[in-house]
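Protein chains in written order, with our numbering: chain A, 15 to 285; chain B, 4 to 246.
By construction, these hints were calculated from the structure, which means they are not laboratory data.
Every residue gets a Cβ at the ideal spot worked out from N, C-alpha and C, and that includes glycine.
Each hint should be verified, as a subset may be incorrect.
[What the hints assert, rightly or not] Calculated cross-link-like contacts (lysine to aspartate or glutamate; reagent style EDC-like; alpha-carbon spacing at most 20 Å):
# : chain 1 : residue 1 : chain 2 : residue 2
1 : A       : Lys183    : B       : Glu216
2 : B       : Lys161    : A       : Glu187
3 : A       : Lys100    : B       : Glu58
4 : B       : Lys238    : B       : Glu216
[Stated by the list, open to error] Here are a few chain B residues that sit away from chain A, every Cβ distance over 12 Å (derived from the structure):
# : residue
5 : Arg55
6 : Asn78
7 : Leu93
8 : Pro95
The chain contents come next:
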Amino acid sequence: MVSSINENNSKNGEKKVHSFYFDRWWLLLFGVIAIIVLLVIFKPDPFRRIIIFVYDGIGVTIFTTVVSFVLVLIFGLVAGLGRISKNIILNGMATIYVELVRGIPLLVQLMFWYFAFPSVIQEVGNAFGISSFATYRANPFLMAILGLTFCYSAYMSEVYRAGIQSISKGQMEAARSLGMNYFQSMRFVILPQAIRVILPPVGNEFITLLKDSSLISVVAVADITRRGREFMAANFIPIQTWVMVALLYLVLTLFSARIVNWIERKTKLER
Amino acid sequence: MEPIIHIDQIHKYFGHVHALRGVSLDIYKGEVVVVIGPSGSGKSTLLRCINRLEEFDQGQIVVDGITLDSAENINAVRTEVGMVFQQFNLFPHLSVLENVTLAQTVVRKRNPTEAKKTGMQLLEKVGIPEKAHVYPLQLSGGQQQRVAIARALAMNPKIMLFDEPTSALDPEMIQEVLDVMLALAREGMTMVVVSHEMGFARAAANRAILMDEGQIIEEAPPNVLFTNPTNERTKLFLSKVLL
Numbered sequence: 015m016v017s018s019i020n021e022n023n024s025k026n027g028e029k030k031v032h033s034f035y036f037d038r039w040w041l042l043l044f045g046v047i048a049i050i051v052l053l054v055i056f057k058p059d060p061f062r063r064i065i066i067f068v069y070d071g072i073g074v075t076i077f078t079t080v081v082s083f084v085l086v087l088i089f090g091l092v093a094g095l096g097r098i099s100k101n102i103i104l105n106g107m108a109t110i111y112v113e114l115v116r117g118i119p120l121l122v123q124l125m126f127w128y129f130a131f132p133s134v135i136q137e138v139g140n141a142f143g144i145s146s147f148a149t150y151r152a153n154p155f156l157m158a159i160l161g162l163t164f165c166y167s168a169y170m171s172e173v174y175r176a177g178i179q180s181i182s183k184g185q186m187e188a189a190r191s192l193g194m195n196y197f198q199s200m201r202f203v204i205l206p207q208a209i210r211v212i213l214p215p216v217g218n219e220f221i222t223l224l225k226d227s228s229l230i231s232v233v234a235v236a237d238i239t240r241r242g243r244e245f246m247a248a249n250f251i252p253i254q255t256w257v258m259v260a261l262l263y264l265v266l267t268l269f270s271a272r273i274v275n276w277i278e279r280k281t282k283l284e285r
Numbered sequence: 004m005e006p007i008i009h010i011d012q013i014h015k016y017f018g019h020v021h022a023l024r025g026v027s028l029d030i031y032k033g034e035v036v037v038v039i040g041p042s043g044s045g046k047s048t049l050l051r052c053i054n055r056l057e058e059f060d061q062g063q064i065v066v067d068g069i070t071l072d073s074a075e076n077i078n079a080v081r082t083e084v085g086m087v088f089q090q091f092n093l094f095p096h097l098s099v100l101e102n103v104t105l106a107q108t109v110v111r112k113r114n115p116t117e118a119k120k121t122g123m124q125l126l127e128k129v130g131i132p133e134k135a136h137v138y139p140l141q142l143s144g145g146q147q148q149r150v151a152i153a154r155a156l157a158m159n160p161k162i163m164l165f166d167e168p169t170s171a172l173d174p175e176m177i178q179e180v181l182d183v184m185l186a187l188a189r190e191g192m193t194m195v196v197v198s199h200e201m202g203f204a205r206a207a208a209n210r211a212i213l214m215d216e217g218q219i220i221e222e223a224p225p226n227v228l229f230t231n232p233t234n235e236r237t238k239l240f241l242s243k244v245l246l
C-alpha cells in the first residue's frame, strides 16, 4: 500500500495535503467484475441471458436502497436525538420505537407493511366510511421503502446516538456558553464531529441495507433477487443463476465499501 | 451601585452531595475576582452556575439585570458572558479563525467579512494571528487556550469566566495565557477566575475568595487573604498550596 502523505510545510502552517493513495481492495472489485465479463463472453448461454433478464432488477435494488437510506439518515437522526433527549416523553417514545423494531425480524416487518397494513387501512375506511381508505391498495415499492426505512431508522438511531455521545461534553458546553441554542450547537459543533466518528458504522449500515433489500423480493418488488428467482423458475439452472446474482450483489457491496473507505479518508481530522 | 453579578443564596445538589450550600456573592462591573479552594469545594460549580451550564436547586442569580430562569434569559445571559474552560474545548473540526467567527455569525448574526475582521483583531490581541488557518489540535496548549479566550471575546462579552484556565497547561505555557488575562483585566473587563495562580491574583484581582465544602469561607483583597488570613481553614489550605 502506498501511504498518503500529509505535509505541513507551507507558510503559516496551513493545511496542505498531497495524497496519492492506491487502495488495493479495488482489485477485489475489479476481479469480480472481470469474472462476470469473462463468464458473459465465454459462456453467454446461460450467463448473458441471466444478466439480460436480471438487468432491470439491478436498478430496482439500487433505487430502493438509496431512497431508503436517505430517509434512514433523516429519521434515524430524529430518533437518535430522541434517544439522547432529557425530555421523558421524547426519550420514551424513541426508546420504545427502537426496542420494538429491533426485536422484530425485518422479513416479518416487510410482510406486515405489504400484507397487513393495507388491510388495516381498509378496515378503518370501512368502519368510518372513508372510501379512499376502503379501496386502498398497497404499492409494493412504497411499502418496501417504508418497511426498510422504518426498520433501519431504528438501527441508525443507535449509530447516531453512539456517535453524538462520543463527542466530549465540553464541546456542547463551549457551544452553549457562546450563546448558541441546542440545535445550533448540534448543527455546527456536535454533528460535524460525530459524522466523522460514525462514518464507518453508517457505511456498514448502507451495505447491510443493500443486502437486506433482497428481502423485498417477497413483497412483489422485482429486485435482483426476485428477477433471479423468476429466471430460475423458468429455466431450471439454479447454480448459474444464483452464482450470477451473488456476483452482482458483490459488485454493488464491494463498490460501496470502497466509496465509504474513500469518504472516510477524505474527512479525516487534521492533527 | 448595582452589582453586575448578583448571586443570592444558591444551593446545588449532585444527588445526595450538597455541592453549594447557600452561596451569596455580589460582583461589580470591572472587578476581577479570583476564587480558590480545595478540589470539590464547589468553586467550579459556582462559576458554571453563573452562565447556567450547571442548574442550581435553590436561590437566584441575576446577571446584568437578567434573572436566570427562562431558557430565553439563559441564552441572553450566555451571549453576554464569555467562558474559558480548563480543557480549552476548541472546536477541532474548525480552523482557529472559524472557531472565533462561528458564534459571531450564528448568534450575533454578523456577516462573515465583519466576523473575520473581528476575529483577526482578537487573534492579534492574543498574539497568534499567524495561526488563523491552522486547526486547533496542531497548536500547543497555551496557544489553544489563547484562541479559546479570543473565541469568547468575539461575542463582546461584558463578563468573562475562567474555569482553571491554566491547570491543563505545561508550566512553560502558563505565563502566556496569564499575560493575556492580565491585559484583559487592565482593560477593565469584569472577570471571575477560578485559579490557584497566586501571582495573577496579586497582580490583577480586586478580591480573592476561598471556598470550602460549598461555602465561601473568607474573602479579602488577595494580598490580605494570602498573607494574613483570619480563618483557620484558609490558613490550612494556603499552607498546602504555597509550599
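Hint-by-hint comparison with the structure:
1. Note on A/Lys183 and B/Glu216: the hinted pairing is violated, with a Cα-Cα distance of about 25 Å set against a maximum of 20 Å.
2. About 19 Å separates the Cα atoms of B/Lys161 and A/Glu187, which keeps this hinted pair within 20 Å; it holds.
3. Between A/Lys100 and B/Glu58 the CA atoms are separated by roughly 14 Å; this keeps the pair inside 20 Å, and the hint holds.
4. Taken as a hint, the B/Lys238 and B/Glu216 pair is honoured in the structure, with Cα atoms around 15 Å apart against an allowance of 20 Å.
5. Here B/Arg55 does not stay apart from chain A, with its beta-carbon only about 9 Å from theirs, under the 12 Å limit.
6. Some Cβ of chain A comes within 12 Å of the Cβ of B/Asn78; the nearest lies about 6 Å off, and the non-interface call is violated.
7. At the 12 Å boundary, the C-beta of B/Leu93 falls inside the reach of chain A, the nearest C-beta of that chain being 8 Å off.
8. A Cβ of chain A approaches the Cβ of B/Pro95 within 12 Å, the least distance being about 6 Å, so the stated non-interface status is violated.
Checked against the numbered hints listed earlier, the structure breaks hints 1, 5, 6, 7 and 8; every other hint is satisfied.
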